[in-house]
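Chain A is already provided as a structure; the job is to place chain B on it using the hints.
Here the protein sequences line up with chains A and B, keeping their order.
Take the first sequence: its letter number 87 is residue 87 in UniProt numbering, and every next letter is one higher.
Take the second sequence: its letter number 336 is residue 336 in UniProt numbering, and every next letter is one higher.
Among the clues, some could well be false.
Identical copies carry no separate label here, and so any pair may be met within one copy or between two of them.
[To be verified] With a straight-line cut-off of 20 Å between C-alpha atoms, the simulated DMTMM-like cross-links for lysine to aspartate or glutamate are:
1. Lys220 / Asp154
2. Lys49 / Asp33
3. Lys220 / Glu31
4. Lys49 / Asp154
5. Lys49 / Glu156
6. Lys29 / Glu115
7. Lys194 / Asp118
8. Lys19 / Glu111
9. Lys232 / Glu276
10. Lys19 / Glu115
11. Lys322 / Asp259
12. Lys74 / Glu217
13. Lys190 / Glu217
Hints were generated in silico from the structure; no laboratory data involved.
There are 2 protein chains.
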Amino acid sequence: MLEDKNPQRTPLSELGEFKLINHLTQHFKLEQDSSIKGVGDDAAVLRFKDTNVVVSTDMLVEGVHFDLSYMPLKHLGYKAIVVNLSDIYAMNAKATQVTVSIAVSNRFPVEALEELYDGISTAAKLYNVDVVGGDTTSSTSGLIISVTAIGTVDNEKVVLRSGAQPNDLLVVTGDIGGAYMGLQVLEREKEVFKVNPGNQPDLSMYTYIIERQLKPEARKDVIELLEQLEVKPTCMIDISDGLSSEIIHLCKQSEVGIDLYENKIPLDTQVISTCEEFNIDSTTIALNGGEDYELLMTIAQRDFDKIKGNPNLTVIGYVTEKEKGMHLVTRADERIPIIAKGWNALKNQP
Amino acid sequence: MLEDKNPQRTPLSELGEFKLINHLTQHFKLEQDSSIKGVGDDAAVLRFKDTNVVVSTDMLVEGVHFDLSYMPLKHLGYKAIVVNLSDIYAMNAKATQVTVSIAVSNRFPVEALEELYDGISTAAKLYNVDVVGGDTTSSTSGLIISVTAIGTVDNEKVVLRSGAQPNDLLVVTGDIGGAYMGLQVLEREKEVFKVNPGNQPDLSMYTYIIERQLKPEARKDVIELLEQLEVKPTCMIDISDGLSSEIIHLCKQSEVGIDLYENKIPLDTQVISTCEEFNIDSTTIALNGGEDYELLMTIAQRDFDKIKGNPNLTVIGYVTEKEKGMHLVTRADERIPIIAKGWNALKNQP
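Chain A with its partners taken away, still in its complex shape:
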């Protein structure tokens, strides 16, 4: 009925997720006085009178971001909230509200949605945010969850991705790579289960990394810690797609380079042992495995004494001049360029 007026066809996979969103949104100008920061950071920053409101939104799609064969719905609801709050914290802001929209096929009974909302409610309580709105609709297949998180931050406290300066320290919270290795274990057990449904797997060796995958936490505690320590990072981002991908974002937006030290990257012992078991290099996992929801930040050298020895904060590298580029400095003291291999939603599509 409607003819195709545009016979040109560029496959989505040619651009990938980040280039695609850049490509689509590059012409959007900010016209409102209240729009301080639009697309391109963890969250948008709006300023109404004296208040900075930060807004972030994320969509989780069944078969792309989660697999209900090993992801309990309660955990999924919890995770959907956490991944959005993580973006708010990455602005050095306080999360206050969320809205939740779901599209669901009617293969789900009401009780399944109750479980999902139980997880949403549990996360909202723990992180002290209110669920203030949402939309429920049907989908022709699968479950889609879209969450928008809202927070506030004082003017002088906003931390963007663009503030890193040469000589700043590169700091990461917690440890990384766990969520990805937890996913590998769950995927393996799913295959085992297909062959032998009666098998009761012993997953006690993997409890930490499985929890990292199924029930990640956002680093609200770190934002509070930074305030106590009186440290304002010069830039910050949350690690959703993998360390290398986030480093590239920071360097591009701050127009700096980075030296990342392989021997400083914090890895849990379960990540190391599971990498050995799977015969995968743990540094590769730390660089490219996503979904840890830790925070990656840069801080001024003068703040080093304030964070020194804190178990939540690990210095993993240094900011350099842009011309020096982005490198991993290996244990053998080789310098390897950091390239994006992070999880790419559009290429991984079945």
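Positioned in the frame of chain A, the structure of chain B alone reads:
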């Protein structure tokens, strides 16, 4: 791998969309000082210092809310913004920003998404809102668009669904039923096209109602008009699901009854003629056809002189005591109870 621990199964269709969202969100308490109004109105109201921020979110799902065989992507992008802004205006607020998340299968080329974003951009410019964030991800099937709209409103201007008082006038903007009849024409032409793809239909008789379906507008102009007229409605809602459904929302939340006069309902001549052609009762369409995105409001009697004769505003009934219930007063002066037959996303599912 994970056992079903809850063998109870209540089909989603048993509850329907509104009951479902109520059921799922009824236990959410508002704990944040900044959360003024949560789930249950057109938008949430948040108060940060002296600023009221209103937030609304909606999800559009291919095969449920739109059919790409007759909905051009540019129009779809435009409509996705408009339906969300409509919720902001229904709070008597000024819309300022939107975030847009899309999930898309890779059957769509980049050029298709460009068209979609072209529509988004066109609407954003026309309504003077900024696109400040979003997420792009893949879907295993179809296109899903989730938009969150943000606005501001002065404290004394917020209009909720709960403020109607007996003797208030029931007022509707524009005319209604057009979007639904436009959809009927488009569905018919789609069937004709299947049989005879060479057919070039003459749709000139239906331009207004087809535009109402494919390119609806939100009543930003009415919010500005009300301000000029110095009229603050006692309650307001936008008409997305049909007049009867919205009247029921207003009456429940305001704890009032309503008498709606059949002979006052504003219908465009194309709605009347197309209803005759399709042999459908036009009042039924006005009551139950959705997607007009007009505003339904109640205003105090003392404001009647201010709106009298304005072509944008039609008085269609009166607010009564709750005990009197909700009725359509027909041309034959019969009183027929108003019941919800509005578009129900979860029951219409294929």
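The hints, checked one at a time:
1. Taking the closest pair of Cα atoms, lysine 220 and aspartate 154 come within 20 Å of each other only inside a single copy of the chain (16 Å); across copies the shortest separation is 31 Å, beyond that limit.
2. Proximity of lysine 49 to aspartate 33 under the C-alpha cut-off of 20 Å is found in both arrangements, the shortest distances being 10 Å within a copy and 18 Å between copies.
3. Within a single copy, lysine 220 and glutamate 31 get their C-alpha atoms only as close as 32 Å, which misses the 20 Å cut-off; across copies the closest is 17 Å, which meets it.
4. For the homomeric pair lysine 49 and aspartate 154, the shortest alpha-carbon distances inside one copy (12 Å) and between copies (12 Å) are both at most 20 Å.
5. Taking the shortest alpha-carbon separations for lysine 49 and glutamate 156, both the intra-copy value of 15 Å and the inter-copy value of 16 Å come in at or below 20 Å.
6. In the homo-oligomer, the alpha carbons of lysine 29 and glutamate 115 lie at most 20 Å apart only across protomers (18 Å), although the nearest pairing inside one protomer, at 41 Å, exceeds that limit.
7. In this assembly of identical chains, lysine 194 and aspartate 118 lie within 20 Å of each other by CA distance neither inside one copy nor across copies; the values are 29 Å within and 45 Å between.
8. Taking CA atoms no more than 20 Å apart as the test, lysine 19 paired with glutamate 111 passes between copies only; the shortest distance there is 14 Å, against 39 Å inside one copy.
9. When the C-alpha separation of lysine 232 and glutamate 276 is checked against a cutoff of 20 Å, the pair qualifies neither within a copy, at 37 Å, nor between copies, at 68 Å.
10. In this assembly of identical chains, lysine 19 and glutamate 115 lie within 20 Å of each other by CA distance solely across copies; the values are 17 Å between and 36 Å within a copy.
11. For a Cα distance limit of 20 Å, the shortest separation of lysine 322 from aspartate 259 inside one copy, 11 Å, qualifies, whereas the shortest one across copies, 70 Å, does not.
12. In this homomeric assembly, lysine 74 and glutamate 217 come within 20 Å of each other (Cα to Cα) only inside a single copy, at 14 Å, whereas the closest approach across copies is 38 Å.
13. When the C-alpha separation of lysine 190 and glutamate 217 is checked against a cutoff of 20 Å, the pair qualifies neither within a copy, at 24 Å, nor between copies, at 49 Å.
The structure fails to meet hints 7, 9 and 13 from the earlier list, while all remaining hints are met.
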